[in-house]
Amino acid sequence: MMKYFHFARMAFADYSNNRLRMTTRFVVYMMLAWVMIGMWRVIYATGHGPVGISLHDMGWYNGIVQMMFFLSPRLFVVIDEDVRSGNIAYFLNRPIPYLWMRLSEGIGSLCVHLIVFFTLGIAFLYLYLGGWPSIGVVPVFAALILLIGGSVIHLLFQICCGLGTFWTDDAAFIYNGYMKIMLLLGGVYLPISLYPSFMPTKLIELLPFSSMVGAPSALLIGVGNFWEILGLQIVWGATIMMLLHRFYVVCLRKVEVHGG
Amino acid sequence: MACQGRKTCLIWRMTIAVDVKNLRKTFKIRKKAGFWKTLLSPEYTDVEAVKGLSFTLQRGERVAFVGPNGAGKSTTIKMLSGILHPSAGEVSINGFTPWIDRTKMAYQIGTVFGQRSQLWYHLPAKDTFELLSYAYEMERDDFKKRMVTLVDAFDAGALIEKPVRQLSLGERMRCEIIASLLHKPSILFLDEPTVGLDVVSKGVIRDLVKQASEQDGTTVLLTSHDTGDMERVCDRVIVIDHGQLVTDQRVKDLRTGYIHEKVITLAMTEVEIDMALDGVRLVEKMPHHLKISVDTSIVSVEHILQLAMNKTSLEDITVEDPPTEDIIKAIYSGVQSSR
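As you go down the protein sequences, you meet chains A and B in turn. Numbering-wise (my numbering), the first sequence opens with residue 1 and increments by one. Numbering-wise (my numbering), the second sequence opens with residue 1 and increments by one.
Rather than coming from a laboratory, the hints here were simulated on the basis of the structure. All the pointers check out, no bait thrown in.
DSS-like, lysine-lysine: derived pairs with alpha carbons at most 30 Å apart:
id, chain 1, residue 1, chain 2, residue 2
1, A, Lys254, B, Lys104
2, A, Lys254, B, Lys32
3, B, Lys51, A, Lys254
4, A, Lys3, B, Lys145
5, A, Lys3, B, Lys126
6, B, Lys162, A, Lys3
7, B, Lys184, A, Lys3
8, A, Lys254, B, Lys28
9, B, Lys37, A, Lys180
10, B, Lys104, A, Lys3
Small disclaimer: the values here were computed from a predicted structure and weren't measured.
Put together the whole structure using the sequences plus the hints.
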């Protein structure tokens, strides 16, 4: 296990060294959160805001949802480049499985983002929205804990998309497909409890997408149970890891290192 | 290669680092067709990259694996290092089957791919070395001693402190090779390690690889398009083309087996002399200077020199073999013409 820790530590050092990348990432997050909250402000101003959720709480919901996407590094791009450039040849020759090596590095980078976003990001939301959500400060911390789990599952999905390069030579469109499903079923734009009645919301809530993003953020509007979401994350995380391992074995048989 | 008798066989096996038998690799390439046909019922063409290669490498041997583009060199190296699964055949690397015992074998092999990088781009190379030492589960003291030895040998003290992005290609390649040798592999696979380097850097890399191999007794299998790599680093050369073995012999024997040509340069007192003979080709002619190429299967060098001395007084004579590149070309063209 120490091997994995050192790969994570190295990625942490690498990400920490690149301050420009971190600053850009945070500025883009603030802009996006500002736009999303601004859109809800317009909806509430027209009197069409959802009943029972204040604009202030909806702002927190959106701020936390957007944060999740900025926490995880773009691991699918790294894997896609490894496969396409043939660099994977180096990594397959090491006494550490490529899959878990990249996940460790992803977690190392995630830790840098957690420090930045859980301090500056929360401070930004607090100042921009003018205080904690009406339900209190404790659900904010609960949501942040669940965001960590959600981000790890997001990394696992990204690895899955990246490994798709073994077949398609391009992971971007697989990742785009995954993100579309996430936008639809994850509660990214609005809480799942507000989805139209024709959508099977009970089923959607059991899927991994909701437990990654929508469900943790919904704690801030007083919906959901911390332990249930955590349990769901553990089940989905373990399931995806097992499937990923099987998928990786298939990928190893498929591998064709580019460039001769 | 065969062995007779149980004891002889055992000793023979113990000295073998790499044993390849009838290795084959076929890639399936999707045929181009219309959108729907490609999507619903794609058709594939089989492309045989490696067609039944067999060879062995003794421990500590340095062998060049040479062939034109598309000959199957890199594919073979990738099968030997466990990256690619072969379609058929057997490979034993220190007793391990690469694609089955990949993790166990990883501790015993090192790889250098000239066009790839294993170093962290934004961090100094020494950080990657440290990370690799954990990956290979090296003891801290062993790692530190090994790093000092390699850094001294490769004269890379200042290089390993700089972020990799600030290194030149030659400097980076030195660090790549250190990274690959760090865990003291008994076999080193080098896939075009000098590609893109200038003449000086190539020389440095060749000498360092040879030196490292001599010191640790590392078996080296090197693929390259550059015959200089073969001449400076290796004792033996395996030439392949279209996935098949063309020749397997000592580098020094290569000249006699495949080419019957010598290049003779004469510096003389006469302004010019006539050397028009069967088997003699003029390469360069200047006042008091003549360079000719002699086909030794038609006329001997001794006869040419005798003739020249009869015609003029010679101030200097140089007899050279043609460049190795020409020998390799001759081997390739021999294969082409026999197809």
